[in-house]
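Student: Just so you know, the sequences run in chain order A and B.
Just so we're aligned: the first sequence equals residues 689 to 752 in the numbering used here.
Just so we're aligned: the second sequence equals residues 9 to 409 in the numbering used here.
It should be emphasised that the hints constitute simulated quantities derived from the structure, not laboratory data.
Think of the CB as a built atom: it goes at the ideal place given N, C-alpha and C, for glycine as much as any other residue.
Check before you lean on any hint, since a few could be wrong.
[Stated by the list, open to error] Simulated restraints on C-beta separations:
1) A:Asp737 / B:Asp274: 26 to 36 Å
2) A:Gly725 / B:His307: 39 to 49 Å
3) A:Asp716 / B:Gly122: 21 to 31 Å
4) A:Gly725 / B:Ser12: 56 to 66 Å
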Amino acid sequence: MRVVVDFGLCESNGVCAGIAPDVFELGDDDRLAVLTGDLPDGNIDRLTDAARQCPRQAITVVEN
Amino acid sequence: MTTSELVFDPFSPAFYNDPYPIYRRMQDEAPVYYNAEYDFYALTRHADVAPAFKDYETYSSAKGIDLATIKSGELPDPPSVIFMDPPDHRYMRSLVNKVFTPRAMESQRQMVVGTIDRYAAALDPDEFDVVADFSGPFPVDVITQMLGVPEEYRQQVRHWIDEALRREPGNIGMTETGLQAAIENGLMYYNLVQQRRKDPQDDMISGLIAAEVMRENGEKRALDDIEIASFVSLLGGAGAETVTKLIGNAVTIFARHLEQWQEVRDDRSKVAAAVEEVLRFEAPSQYNVRFSMKEVTLHGVTIPAGKPVFLCAGAANRDPEAFTDAGSFDINRDRTEAQNLGFGYGIHSCLGAALARMEGAVALDRLLDLMPGFEVKWDRCKRVEMINVAGWSNVPVRVIR
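Chain B extracted, bound-state conformation (with noise of 0.2 Å):
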């Protein structure tokens, strides 16, 4: 019987290595998580994570979405999207939102098809790296193509994100390097955009330096440069890692359900319903912190107004509460018992799904024709520590036929 501390520690190595079982106990032992070294709250239900990620007026992003910068009291400025609260959420958003609806992805799918084909054709049929050999290299390259980023920056821009989101263990905020990185990416996309102001390309930095956003004066004007460099770099970096996390993911999940990934490999109709299980089950993103506006009373504890709360996503997807079998991967479970929060839930829920579905759906045919069979390096798999995402850098693999 385990009679341990419940720690819930999101920069530590138990956490990155192996979440879920401290989720699991949060659930039953503390649905209002309080932890008192870093000072936040946490819910890890099902119940509590959907509806709160809906009441943006109680749960507010606008003073940054992880720990370091809600502690810090000070917001990047200008501020991207994802520290924004209605109404200027809703004119940021709005600005990019008609490029990534499901209908738009398909007259992308030609050069996302063509992008992921052309890393996997340079794969070693024999062994791989899976994530730094493909998954790693190849959503960078989709969404940088679409912005507008030159070649020769492409797979730079995801080492810079890779360096800027990592967090040592026990330190909640970004590396010297971090810092470098994320200013040398923002400067390429700053310098970016000044050539595009003068020469527009058919490309999304083009696209947002014609587009003018609301203001709550009902006033119209045009974003400025560092504002849409700002805009872009958040793009790529939600576009480079995300996608990045979801294929390491699957690839270390069907390693351990063969079985799945035969019957997926026999019956390609079910790809798109295996990205969602992933995604259930092992979310590249665990949690978003929110910012509480005003006092919340939960199952008998107080969470005070002006705390960071950590809505962990990654928990509920596993509640068992929510789902049957929660603790279970399985491409055939109903998938309207509850809401699956991969990729968050309303105002702020992912605006590049349909791009990472499809990005998902076609990088995981693609090992599937690769990868009869195949066995996971687990001595050789390596974690990301990072904040926000979850998964592997490094997931080697020997295909066997």
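Looking at chain A on its own, in the form it has when it is part of the complex (with noise of 0.2 Å):
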């Protein structure tokens, strides 16, 4: 499974960086980086929490 982030939506509230900081951080810039690429099926339920909880609905979990 993978996240993708919708940028144009994304207005850096980090909800999701503090939910899954392993896999979002919020620079200094204020810019989100995302973990790309595959990651484990354990990580499932913080992921989808993240992305229902995020308050721009920016982020989309795309399982394999």
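Join these two chains into a complex; the hints should help.
Tutor: Right under this line is the structure:
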């Protein structure tokens, strides 16, 4: 599975970084960095939660 | 057993006084509620409201977000960002969204704390009105400082917005004085924009003058004076009205849950969670209205295209299907159960959420210091009768030490 962020929607609220700091990181310049590539399935609950709680609905979890 | 007719009239004293029993019945009896008098629909279940907020293609903002505007078929000219769908919405919002990120808000913390402390210090330590003396004046002061409004106009902005949002029971439109107030408010900003063009300052009005917005054809252009005045008057209103209601609601709720007041007083790390729970339990923004772009069928009811649809976040936040003990105020509740819709959801979700959270937390923290114990003078409390925001204009308290 992997996560996709729509940077046209993202407003750096950082909710995702609070839920899954190992996958999302908000840089000093307010830019969101996302771990790209395939992530272990064990992350599904946290990442789904991050996607759901994003106030901007900018995150999509893509299952393989 | 109740057999009374189910009436959701967002311009009625019954709604202003306590919408929650009405929402509860709507969720059970009419999840797609239709109001024949005003010809609108309303969604109240969390499972319906949250997806609808996200689905801007079905539920458009481009015809207005209040009943009177949608029914009139006339938008204010120029339309503000809350009356836009993508892509225009994205272009306009991107002009200001970096100013309001949680990180950017941290750089405003000193100003926010200083402003709140100034109003807190002026309170009578034994008896004061939480809204009229404190949560009314400080939020408008904070947002207008950010915008660049001179001090002599800052409180006036609040009185203008109060008047413009006020609705007489049974009347969906602005009052005559409300219209006048909206005009004066807009004019003040318009004059300010013209001043800033000549003499730019380090404020948001000057920032918007310098900004360029992308148009659909891919060209960039600057905003004109009226567009900027309209934009900042929206931000001024949104920043003024909502936190005012949030703090007033918080005190009236905690008055009925004094054990939780004590709990937060003893452990200030719970202040942020308390603010979130107040937002869930009694959000200042109870609903937004959208316009159905196509026919939608939900729970066996068909909403035709072209109808106003109320998305009742205030109801969804108390939906027992979404939250355990939804009707109970609990600062320790599991916040991951469902999305708190207090700040809306999706593309139009509250731009100022991080500012509101900061103001809310700082203000609550000060009140916890000022009021070890307290009692609300219920007989002198007064609710506002406004569109889109719910709460109190007066919450007098007596401090108990």
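Student: Now tell me, hint by hint, if it's right for this structure.
Tutor: How the hints compare with the structure:
For aspartate 737 (chain A) and aspartate 274 (chain B), the Cβ-Cβ distance of about 30 Å falls inside the hinted range of 26 to 36 Å, so the restraint holds. In this structure the supplied range 39 to 49 Å holds for glycine 725 (chain A) paired with histidine 307 (chain B), their Cβ-Cβ distance being about 41 Å. The hinted range of 21 to 31 Å is satisfied by aspartate 716 (chain A) and glycine 122 (chain B), whose Cβ atoms lie roughly 25 Å apart. Take glycine 725 (chain A) and serine 12 (chain B): their Cβ atoms lie about 59 Å apart, and the range 56 to 66 Å holds.
In this structure, none of the earlier numbered hints is contradicted; all agree with it.
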